[in-house]
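Chains as they are written, first to last, in our numbering: chain P, 1 to 612; chain A, 1 to 359.
What the hints contain is simulated information worked out from the structure, not anything from laboratory work.
Careful: at least some of the hints might be erroneous.
The list that follows gives simulated cross-link-like pairs (lysine-lysine, DSS-like), each with its CA atoms no further than 27 Å apart [as the list claims (entries may be wrong)]:
| # | chain 1 | residue 1 | chain 2 | residue 2 |
| --- | --- | --- | --- | --- |
| 1 | A | LYS233 | P | LYS55 |
| 2 | P | LYS45 | A | LYS233 |
| 3 | P | LYS55 | A | LYS7 |
| 4 | P | LYS439 | P | LYS371 |
| 5 | P | LYS45 | A | LYS238 |
All figures in this text were calculated on a predicted structure; none of them were measured in a lab.
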Amino acid sequence: MSLNFRNITEPDKDPFARRLKFITVLVGVVFSALLLKLFFLQVIKGPYYRELARKRSLRVVSLPAPRGNIYDRRGLLLAGNTPSFALYVDPRVLKGQRGDLVLRRLAKILGEEFPSLKQRYLVARRKGAGNQVLLVEDLDRDMVAKIEARRYFLPGVVIQVEPQRFYPLGEAAFHLVGYVSRVNAKELKRLSSRGFGPDDFLGRSGLEAQFEEVLRGRKGRRLVEVDALGRIRRVVTEEPPQIGKSILLTVDSVFEKEAYRLLSPRSGALVLLDPRDGRLLSLVSAPGLDPHRFLKGFSYEEWKQITRDVKNPLLNKAILPYHPGSTFKLVTAMAALEKGLISPTKEVNCPGYYRLGRRLFRCWKPWGHGKVDLIKAIEVSCDTYFYYLGELVGIDTLSRFARACGFGRKTGLGFPGEKAGLVPDREWKLKVFKVPWQKGETLNVAIGQGALTVTPLQLARFLGAVVNGGHLFVPWYVYQVLDPYGEILEEFGPRKEGNLPASRRTLRLLEKGLVAAVNGEEGTGRAARLKKVLVGGKTGTAQVVGMKKRIKSEKLPYLKRDHAWFIAYAPAQKPEIVIVVFVEHGGHGGSAAAPLAGKFLKMYFEGKWPRI
Amino acid sequence: MASYLKKFSRLSWPLLLTTLFLVAAGVLNQASASLGGVFFKKQLLWFSLGGGLLLLLALFDYQKLLSPRLVFGGYVLLLVLLIFLTLKHTRWLRLPGFSLQPSEFAKLFLIFISSLILSRQEESLRLKTFWQLSLFSLPLIGLVAITDLDQGGMLFLIYLSFVLGAGISRRLILGGLILVFVLGVSLGPYCWKLLKPYQRARVEAFLNPEAFALDRGYQIIQALIAVGSGGLKGLGFKEGLSSRLNYLPEKHTDLAFAVWAEEWGFIGSSLVILAFFFLIYQILKLGIQIREPLGRYICYGVAAMFFWEVFINIGGILHLLPVASVPLPFLSYGGSSVLVNLAAIGLVLSISQRRYSFR
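Take the sequences, apply the hints, and build the full model.
Structure, rendered in structure tokens:
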């Protein structure tokens, strides 16, 4: 450093000037040190500090995507979204004592004890959400106002508006529509590759589960600047969420609601189907649960109560297998007629039992029906007649016919949890029980008992095929898949699986029997009779426990009572709907199920529901 | 009029321009730090007031102004005011509409009175002068230190600069250093206990900021992040993440330089440091050029004041020193600080007129 001082000729004579020169040099040295440190911090370590600053003040907030809507055939919502407020906290801000202080304030506002809130926070944090830990769902507006007003004192607390699933029909459509709930930590590991985050919703049952990929949108992301108090100050960039696709069903929410109302408080199922193309108009199982309860989760007590309920509100009975009882006699009759083993006019005497070797097979009417032909046997549901047919047909033919009628396999609806039921035959008996088939078992199968099980859905499509001229359709309920703007992306229609192994004549005879069962003097299904519309139908009473003597169902404990069935179609001249009513442990089909079907059909044909 | 123009033309232009540059940087920095808020507007007002004061002092004859009677009178007044404020446990003199910090003005009066005392002595410091100097300086320093330890420290450093600069023998300096070392080692732990907790925390945080990242070291870490993330070119005016998102505490005052460094990068901040150096260099050079004793001691004192303020403030932000709460001249917000700094420059400018006249 050269210091050129003009006026100093003899510096030695001015010691103060000399000292000042020395001091100037010292100052220069100190300032060089400052510059060096500045250079080190800004130029050499600049990238390091810039990264630190970025980490400190930028956050990625994920934006949940609204799920697609589920509409009924009228365009009414079966599942939609409502905005709800969710409270998230940022674990990076809630550290140490400051974090506890914030949680303490939050606990006071929420009216929760601090230790419990803290524990919930620690549990939620373990789920591994980077900078958003969900602490409270579905905050009410008062609470939101209280928290927003104290925002300054609650750093790291963010309230986000989120779409929450909303089910207008509640319990009634619970089994059809299903429900969603947040993924848990275990599932997250499996699902994270499919784009799931820790607090995302997953369709758990019904349509929500079956169409998960269609309904689920794609999450958006937002890059925000967060200030020193953890409050969002500016949105840097935003990738908006993509709304999921919607689906339009063939199901009618009016019927869905009415069917559920009729079934309650019984346990059972009701399937409503259009026999002309196999579309489902209603698929109801009772009792249901309010799907909104799954959004918040259950307490241990609540869950215990639900799982211990004998009426099993979690099971969708429309797709589970049960003994079909007398409703299966239609298949037995079809097999006998088609094989030419019996003439419809041939009369069989029913003394109240049927003798096979040394065993007696009882008819449900202890003193017998006397002489009955095919139509009469269907009308009065005479067991003896069908024992006789069963023996004539044999298990091989009977099981083949049952399968051809769509039993023993899934219907192809694709509904999650749908069961195939069981059509027993020799092979099955040998495989499972390691003993040969007994002739007596054929007789039990012929009247819908024994090992035979079918689902209400299978019965509905079978009856539909019987009355539509033999076309066995794959049941369907999704009509269209729509994008968020209502554009049709995909459209579905009827799909035929095959034909019933029956001639027109056979089907006519069966229909005649079905009409007689509802309208005949001694018809078992008279409770479903309508004045203006001709209804055809068949009752079924499925024994749950084998018993030597017939005891009235009402006197048995609930779980041992018979299942009540009624399957019907109307109008008989030109069928437009098929209804299957199943009442679990309801007792007699004629007294427990048929009246429900009657009431529903009355509503359908005479009621004032808005037609489309 | 003509005489004023003549006077004006004789002022040290490099000094004036450097000051203008620093004032401009201060205005820009407050505009960013307060986002055009109330601090910015108030600082503009203080700058204009201070500018007026600067011109007034620059064109006035400093020898008339700094007569022993006036300076002593002012000194006594200031002392009384400080006693009054100390009894009220405050460092602020609250006047209607604004507040002043008398401890800032104490710096000026310390310089005046020390310069007056030293200007009467001959070549090197005599013991008698040293006692005179200490007699007037130490009460002022002590009074200020009671309510504002950091400013007290600043005053002490200026006092020390005068003692050392006035021509103390090398043996004495060496002896003093040894004495300070011995006293430091023996009484250090005791003094450590005497310090207030927040002062101890400052030193601890300086030694290991990461360990106290959430409380005591927070300021240092945030300052380092702000300065470091500025990089070579800076994030741009009003674009500093640390200041805009309030990560920087005291961004208007103590950490104003961090705001500047973040937004203007190494280029801008080294320019400010160089400007400060140039300012001090110009003042010191003036002190060498002129032969009038009062003027050169004033120059020396003002240079020492700027040097310590800049070094302590920027050194703290760059993590070379523990953070002390002293404003950076021109860049930090503060009415008293602005007035005192501009007045000091004004005096030096007034002295600079005499470059060409010889004793």
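Cross-check of the supplied hints:
1. At roughly 20 Å between alpha-carbon atoms, LYS233(A) and LYS55(P) fall within 27 Å of each other, so this suggested pair holds.
2. A C-alpha spacing of about 14 Å is found between LYS45(P) and LYS233(A), which places the hinted pair at or below 27 Å, so the restraint holds.
3. This hinted pair does not check out: LYS55(P) and LYS7(A) have alpha carbons roughly 56 Å apart, beyond 27 Å.
4. The suggested pairing of LYS439(P) with LYS371(P) holds, with an alpha-carbon distance near 24 Å, which does not exceed 27 Å.
5. Straight-line distance between C-alpha atoms of LYS45(P) and LYS238(A) comes to about 22 Å, which keeps the hinted pair within the 27 Å bound.
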